[in-house]
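Those protein sequences? They're chains A and B, same order as listed.
Reminder that position 127 of the first sequence reads as 127 in my numbering, one-by-one numbering, no gaps.
Reminder that position 107 of the second sequence reads as 107 in my numbering, one-by-one numbering, no gaps.
Heads up, some of the hints might be wrong.
Residues from chain B shown here face chain A by an in silico Cβ test under 8 Å; the list is partial [as the list claims (entries may be wrong)]:
1) Glu41
2) Ala185
3) Thr186
4) Val187
5) Gln188
6) Ala189
7) His211
8) Gly218
9) Arg237
10) Gly251
11) Leu252
12) Ser255
13) Ile256
14) Arg266
15) Pro269
16) Ser273
Cβ-to-Cβ under 8 Å is the rule here; a few derived chain A residues that face chain B [said to hold, decoys possible]:
17) Gln189
18) Asp261
19) Pro262
No lab work stands behind these hints: they were computed from the structure.
All C-beta atoms, glycine included, are put in the ideal place defined by N, C-alpha and C.
Now for the letters of each chain:
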Amino acid sequence: MLLEVENVVKHFPITTGMLVKQTVGHVRAVDGVSFDLSPGETLGLVGETGCGKSTLARCVAGLHPVTSGRVRFDGDDITNLPRARMRAYRRDIQVIFQDPYGSLNPRRRVGSIIADPLVVHRVSRGAELRRTVQELMERVGLNPEHYNRFPAEFSGGQRQRIGVARALALRPRLIICDEPVSALDVSIQAQILNLLKDLQDDFGLTYLFIAHDLSVVRHISDRIAVMYLGKVVELAGADELHEHPRHPYTNALLSATAVADPDEAGRRRRIILTGDVPSPIDPPSGCHFHPRCPKARDRCSAEEPLLVPRDHLVACHFPVEAGEDLTASGRRPA
Amino acid sequence: MSLLEVTDLKVTFPTSDGLVQAVRGLSFTVDRGRTLAIVGESGSGKTVSTQAILGLSPRADISGTALFEGVNLLQLDREQLRRIRGAEISVVFQDPLTSLHPLYKVGWQIEELFRVHQPGTGRAEARKRAIELLGLVGIPRPDRRVDDYPHQFSGGMRQRAMIAMSLALNPKLIVADEPTTALDATVQAQILELIGRVQAEFDIALILITHDLGVVAGIADEVLVMYAGLVAERADRRTLYYRPHHPYTKGLLESIPGSTGARGGRLRPIPGSPPSLIDIPSGCAFHPRCPYAMPVCAAERPPLATVTGGGGHASACWLPHEAVGLGPEADALRLRAKEA
Ligand SMILES: Nc1ncnc2c1ncn2[C@@H]1O[C@H](COP(=O)(O)OP(=O)(O)OP(=O)(O)O)[C@@H](O)[C@H]1O
Ligand SMILES: Nc1ncnc2c1ncn2[C@@H]1O[C@H](COP(=O)(O)OP(=O)(O)O)[C@@H](O)[C@H]1O
Ligand code: SF4
Ligand code: SF4
Ligand SMILES: [Mg+2]
Ligand SMILES: [Mg+2]
Numbered sequence: 001m002l003l004e005v006e007n008v009v010k011h012f013p014i015t016t017g018m019l020v021k022q023t024v025g026h027v028r029a030v031d032g033v034s035f036d037l038s039p040g041e042t043l044g045l046v047g048e049t050g051c052g053k054s055t056l057a058r059c060v061a062g063l064h065p066v067t068s069g070r071v072r073f074d075g076d077d078i079t080n081l082p083r084a085r086m087r088a089y090r091r092d093i094q095v096i097f098q099d100p101y102g103s104l105n106p107r108r109r110v111g112s113i114i115a116d117p118l119v120v121h122r123v124s125r126g127a128e129l130r131r132t133v134q135e136l137m138e139r140v141g142l143n144p145e146h147y148n149r150f151p152a153e154f155s156g157g158q159r160q161r162i163g164v165a166r167a168l169a170l171r172p173r174l175i176i177c178d179e180p181v182s183a184l185d186v187s188i189q190a191q192i193l194n195l196l197k198d199l200q201d202d203f204g205l206t207y208l209f210i211a212h213d214l215s216v217v218r219h220i221s222d223r224i225a226v227m228y229l230g231k232v233v234e235l236a237g238a239d240e241l242h243e244h245p246r247h248p249y250t251n252a253l254l255s256a257t258a259v260a261d262p263d264e265a266g267r268r269r270r271i272i273l274t275g276d277v278p279s280p281i282d283p284p285s286g287c288h289f290h291p292r293c294p295k296a297r298d299r300c301s302a303e304e305p306l307l308v309p310r311d312h313l314v315a316c317h318f319p320v321e322a323g324e325d326l327t328a329s330g331r332r333p334a
Numbered sequence: 001m002s003l004l005e006v007t008d009l010k011v012t013f014p015t016s017d018g019l020v021q022a023v024r025g026l027s028f029t030v031d032r033g034r035t036l037a038i039v040g041e042s043g044s045g046k047t048v049s050t051q052a053i054l055g056l057s058p059r060a061d062i063s064g065t066a067l068f069e070g071v072n073l074l075q076l077d078r079e080q081l082r083r084i085r086g087a088e089i090s091v092v093f094q095d096p097l098t099s100l101h102p103l104y105k106v107g108w109q110i111e112e113l114f115r116v117h118q119p120g121t122g123r124a125e126a127r128k129r130a131i132e133l134l135g136l137v138g139i140p141r142p143d144r145r146v147d148d149y150p151h152q153f154s155g156g157m158r159q160r161a162m163i164a165m166s167l168a169l170n171p172k173l174i175v176a177d178e179p180t181t182a183l184d185a186t187v188q189a190q191i192l193e194l195i196g197r198v199q200a201e202f203d204i205a206l207i208l209i210t211h212d213l214g215v216v217a218g219i220a221d222e223v224l225v226m227y228a229g230l231v232a233e234r235a236d237r238r239t240l241y242y243r244p245h246h247p248y249t250k251g252l253l254e255s256i257p258g259s260t261g262a263r264g265g266r267l268r269p270i271p272g273s274p275p276s277l278i279d280i281p282s283g284c285a286f287h288p289r290c291p292y293a294m295p296v297c298a299a300e301r302p303p304l305a306t307v308t309g310g311g312g313h314a315s316a317c318w319l320p321h322e323a324v325g326l327g328p329e330a331d332a333l334r335l336r337a338k339e340a
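The whole structure should be built from the sequences, with the hints applied where relevant.
What follows is the structure, encoded as structure tokens:
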């Protein structure tokens, strides 16, 4: 295994008080997540806003200390390593961020932004550095002559290519892609997805790929983990998850995913969930999904379901059976 | 007569970098009770064109006509427009926080609509109707939530409140500009279902603006695809998705993950990026990105012309009229036309 994530928990304290800070509660952003990744594999991570995807990504990359749990990279325990010792792993684990506008310093030239990791890790300098950066730019589809331009002179898609080039500079083994295409229009999104795929083939990269759009995740991933309020509720092969989703939330998410096909959209029987995602400060008891779940019963609010194998991994007391109808007409209202 | 008939709309913004030609001669119609979707990449002029019609673009230079029940909206003064906007035409924006006033209770803001537009309405009556409307759009316990401030609502609830406001005065037309773009998939599904339901129930016409072709597939009657401030293609929903003519429409559809067969395969993106609206390519603005571009494309702007018989299917492209569809056959036809 290249990456092993074992029961990772990340809680942010909520404090009040001006002078003496008092902790009055916790945001349970990531609440016990486990998965692993083999070399060359892509694991997709989906879930709605605030469910903890980015926090999990930052924990894995060593950018946040974890509250508890373990992260292993290539067999080495890298959990909460001190900065100096984490440095060695930073070369191997890189992150591409969501926002192609916010993640690049607007006052620095693109060439030096991409060169950063090479300089910090003293990999190359001078004329060689410039050549390496220009090769990277070329590889991700940027014009190497634009070396001296500023981020504002690039479009959203091009800025995301800059982020990809920077992540690629140190020839990492694992790249964590945190919503790399969410801010892009569909035609540009497709360009970036193709680029990521090509780079994976060329360099044998392993991806942890975060998105909230299931069709994007299905396209790029080998396996998919679905998150809800800090927990993984289902984990399966990409096609398996789409064809035989067993968690009621995954079913709802799939039925809510827009399809660009009028006939299919007409046939589609949507599971309309009631309410919004609850707050991770005070998540519902038992199964976090129970206030919105069309299948919820008494046991669901009393006892938390564990992520256990039932065909594939699913955390639900009453998993959805093949052919079961979760739409309003198929069930009595809760 | 159509409810709304927009003809040759042009909108420009003078800026220090030059003249931004945001809308360059846009024409379309919306019939009573129907849904027109306007799709296109960001910057294609979707928002500017509808805001110009509604008098919400004060710094723009606008020309053309926009007949709403025969009255040219572009000729009205601010007061006349304000009366129509709200009572006859209402608007739902992407981000409800910018349109709900943060310092006033949600219910009060709905009641205010009655006070302004229907001065005869009593206080108790206005409040009762505000509560009814909040209930109609699915706010649980509306009698209690009516006195909440916008920040006490979640994103989905704020969007519901906006829809409640847009329905308050029984408008004939709702303009919804990316109403679900800021929302999560499961909440987006709730809101789209709600919009569809109230629209059918009250027989309201809807202009739905979005960059997401998936959102439109389920609800639009007609679809208008915009590129660089012009209509690239217009068709009924099924024709647009299954028999598109314009290479830009085709490119958008083929860029969607899952559209070109097996998972993990290569997508077929549109190369390049949208043009600068200060320096728009000559002829067909799409020609630098078009795989079928011919010499005529850079020289002359293609008119929006009928393609396949009837149904109002029109496309602004020099390719032969029969070059419709997504499959390899249609592709071969397009490529032959290019070679010829
Ligand atoms: N530094 C922090 N301090 C306190 N709370 C935080 C912090 N970072 C994240 N959170 C909270 O943790 C939860 C998970 O946040 P996270 O950014 O991981 O979500 P996400 O799944 O990436 O969402 P999105 O899809 O919007 O990017 C949220 O409730 C968020 O408000
Ligand atoms: N007030 C303004 N001044 C200058 N340019 C503007 C202004 N408002 C919009 N534009 C430009 O007009 C074009 C179309 O914008 P818009 O209609 O918002 O696009 P969209 O299709 O994404 O809704 C964009 O290039 C935008 O930058
Ligand atoms: S455990 Fe119960 S509430 Fe949770 S998803 Fe399963 S059926 Fe629904
Ligand atoms: S007019 Fe020419 S360049 Fe424009 S879309 Fe048609 S073939 Fe392509
Ligand atoms: Mg995030
Ligand atoms: Mg817009």
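Status of the hints after comparison with the structure:
1. Glu41: Result: holds, 4 Å to nearest chain A Cβ.
2. Ala185: Where the cut-off is 8 Å and the nearest Cβ of chain A is about 4 Å from B:Ala185, the hint holds.
3. Thr186: 5 Å, holds
4. Val187: Holds. Min distance 6 Å.
5. Gln188: 7 Å, holds
6. Ala189: This interface hint holds because 4 Å falls under the 8 Å limit.
7. His211: 6 Å, holds
8. Gly218: Hint holds; B:Gly218 Cβ to chain A Cβ min 4 Å, cut 8 Å.
9. Arg237: 5 Å, holds
10. Gly251: With Cβ-Cβ at 6 Å, under 8 Å, it holds.
11. Leu252: Holds. Min distance 6 Å.
12. Ser255: With a minimum Cβ separation of about 4 Å from chain A (threshold 8 Å), the hint on B:Ser255 holds.
13. Ile256: Holds, about 5 Å.
14. Arg266: For B:Arg266, the interface hint holds, since the closest Cβ of chain A sits about 6 Å away, which is under 8 Å.
15. Pro269: With Cβ-Cβ at 4 Å, under 8 Å, it holds.
16. Ser273: The hint holds - B:Ser273 has a Cβ within 8 Å of chain A, the shortest such distance being about 5 Å.
17. Gln189: OK, holds: A:Gln189 within 8 Å of chain B, min 7 Å.
18. Asp261: 6 Å, holds
19. Pro262: 5 Å, holds
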